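Chemist: Protein chains in written order, with the numbering used here: chain A, 1 to 249; chain B, 1 to 250.
You may find that some hints are simply not true.
Here are a few chain A residues that sit away from chain B, every Cβ distance over 10 Å (derived from the structure) [claimed, not checked]: (1) V85; (2) D86; (3) P142; (4) C165; (5) I177; (6) S203; (7) P238; (8) N241.
So these bits of chain A aren't anywhere near chain B, every CB distance computed over 12 Å [to be verified]: (9) I16; (10) H36; (11) A68; (12) N99; (13) L102; (14) Y107; (15) P176; (16) I181; (17) P232; (18) D235.
Facing chain B, according to a computed beta carbon distance under 7 Å, are these residues of chain A, among others [unchecked claim]: (19) F40; (20) G93; (21) H125; (22) Y126; (23) P127; (24) S130; (25) I134; (26) H157; (27) L175; (28) L242; (29) T243; (30) L244; (31) I245; (32) L246; (33) D248.
Quick caveat, the hints were computed from the structure, so don't treat them as lab data. Note that this is a predicted model, so its numbers are computed, not measured. C-beta atoms are modelled at their ideal positions from N, C-alpha and C, and glycine is treated no differently.
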Amino acid sequence: MITLGIQKLTVPFPSIRNDSVDPSVLSIVYVMLVHHHPEFVLRLIDALDEPMHSFVLHVDARANSVYAYLSTKLQHRTNIHFLNVDRERISWGGFSIVNATLKCMRYAWDKQLHFDYMVDISGTHYPIKSNYYIRKTLAATPNKIHLDSMPMKFYPHMFQQFVECDGSMHRIARLPIAKGINLHVGNQWWAFPKYFVHWLLISQLAKDYIHYAQYVAIADENYFNTLFHNSPYCDQKPERNLTLILFDR
Amino acid sequence: MLQLNTADSIRDGKCLFPDATLCGISPDILTMASAKSAVEQSRSMFARKIDPTMPDSLALVDYIDRRRGTNIKGYSRDVSNWDRNRDGSSDLIAMIQVSSHAQDHMSIDASYGRDITSRCITFPITTGEKAFIRFDKCDPQNEQQWIVLGKLHNIYLLMMIYIKHCIGYYIAYLVDRCSPNYEVTIEDGKCPVFKKKPSVSSASITAPSIINNIHDDIGQSKYKKYFSTRAILYSIVVYDNQITIAIRYP
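Required output: the full structure, derived from the provided sequences and hints.
Modeler: Shown next, in the form of structure tokens:
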């Protein structure tokens, strides 16, 4: 049995902001996970880049040619950052995706990149609204968490323990259902205001939950969603219209 | 995303569970044929996923760019001319076009402290660097920098850049060189000099302190229909060796 307790209130939670945000200067850090199509990644960055924004790119450790291309092309753009050590070998459905995202998040925080929002996208995203619309939408509710999630259904056969090896997931055992925490799943992509990013980086619960989530299948759709619904900010109703994704099959 | 599938939709590497019909699926590739309508109607800010190896998916991106007003000229637009001249050392002269109403173009040899490769020139910065455009006669330590962007008859469009809390701002001003109250000496690359006309005072006045009065002059001018008296520089678009500066009117 794995039990994860509610975080002890030993440190103050990062507080939400009570000032307004001017959409003309709202600042975004885009966290981008990339593994192919570097020319398109350049186009995506160009489409989003504005003076107040920064980008933190994680390029799959197996995509060295992509890393070399992008880091050369973008070397003179000082608002574009690359994780250049400990890059993850990303497996579909693996916790490596979460790890890569957390590393980008930590990088942005440690580098003190200025931002009001952090937005998680991939190299196959594209903005369908103007940059001003994006800024205006985020600035309208500057404390809003953008995340599309739902409570996790408990199919017994889904609770299997996985490890990542050789670029794929391997089922090794049954996984006990975590107790003391409300498991959620949902869309991998999110936009978090700064206070929530801060909480994710300092929260003991976020650290502890890694020990469980690293064995969960499709952890990228579990980790951030579960943490939000068990955070001090769980009474918020998250906005669910960040990313248009179609599943026809 | 996990979803129950029929056996024929199972994809390699995504059927992780003992029940072979419980598999992961990936989002559909968005194309003009499949997603144009969804993109038009969506309230979302982003879409996924694009496959740039598929012409119809790239066509959707081109369509999105047109909707966003980003006017990218195809997938392989070339902005490298500007990029190569980022230090202002080459012979390349970038043309600055000041709105569609401007009659004259002015050439400047500009350089930036920050590297620019995108079509959206971004000399305001957030990293603590100072925006820098070549002003030989201006104090490089001064956080207020001036540049002449263009002119329409006697109306000069000047841009002031200032840095506040590590974020650069632009304000574009219009100055009437033939103001009844002021003499204005404007040379590209130099700080504008404002002097009250002898009937008012012979004292030299620094630009920031006088700008509101000049606004009043311009506000009454016949050129008001072309320019607002105060405009915010919204974007600068670079392609084909030309920079277009877009001014957003308040």
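Chemist: Could you run down the list of hints and mark each one as holding or not?
Modeler: We went through each hint and held it up to the structure:
1. V85: holds (21 Å)
2. D86: holds (24 Å)
3. P142: holds (15 Å)
4. C165: Consistent with the label, A/C165 stays out of reach of chain B, its closest Cβ about 13 Å off (over 10 Å).
5. I177: Consistent with the label, A/I177 stays out of reach of chain B, its closest Cβ about 15 Å off (over 10 Å).
6. S203: holds (26 Å)
7. P238: holds (14 Å)
8. N241: Check fails; 5 Å does not lie beyond 10 Å.
9. I16: A/I16 is indeed farther than 12 Å from all Cβ atoms of chain B, at 21 Å.
10. H36: violated (9 Å)
11. A68: Given a closest Cβ separation of 17 Å, the condition holds.
12. N99: holds (18 Å)
13. L102: Check passes; 20 Å lies beyond 12 Å.
14. Y107: Correct as stated: the minimum Cβ-Cβ distance to chain B is 14 Å, above 12 Å.
15. P176: holds (16 Å)
16. I181: holds (19 Å)
17. P232: About 26 Å separates A/P232 from the closest Cβ of chain B, which puts it past 12 Å; holds.
18. D235: holds (23 Å)
19. F40: A/F40 check passes; min Cβ-Cβ to chain B is 4 Å, inside 7 Å.
20. G93: OK, holds: A/G93 within 7 Å of chain B, min 6 Å.
21. H125: holds (5 Å)
22. Y126: A/Y126 check passes; min Cβ-Cβ to chain B is 5 Å, inside 7 Å.
23. P127: Given a least distance of 5 Å, the restraint on A/P127 holds.
24. S130: holds (5 Å)
25. I134: Where the cut-off is 7 Å and the nearest Cβ of chain B is about 5 Å from A/I134, the hint holds.
26. H157: Since chain B brings a Cβ to about 5 Å from A/H157, closer than 7 Å, the hint holds.
27. L175: violated (11 Å)
28. L242: Hint holds; A/L242 Cβ to chain B Cβ min 6 Å, cut 7 Å.
29. T243: holds (5 Å)
30. L244: At 4 Å from the nearest chain B Cβ, A/L244 passes the 7 Å test, so the hint holds.
31. I245: Because about 5 Å separates A/I245 from the closest Cβ in chain B, which is inside the 7 Å limit, the hint holds.
32. L246: Cβ of A/L246 sits 5 Å from chain B, so the hint holds.
33. D248: holds (5 Å)
Checked against the numbered hints given earlier, this structure breaks hints 8, 10, 27; the rest are met.
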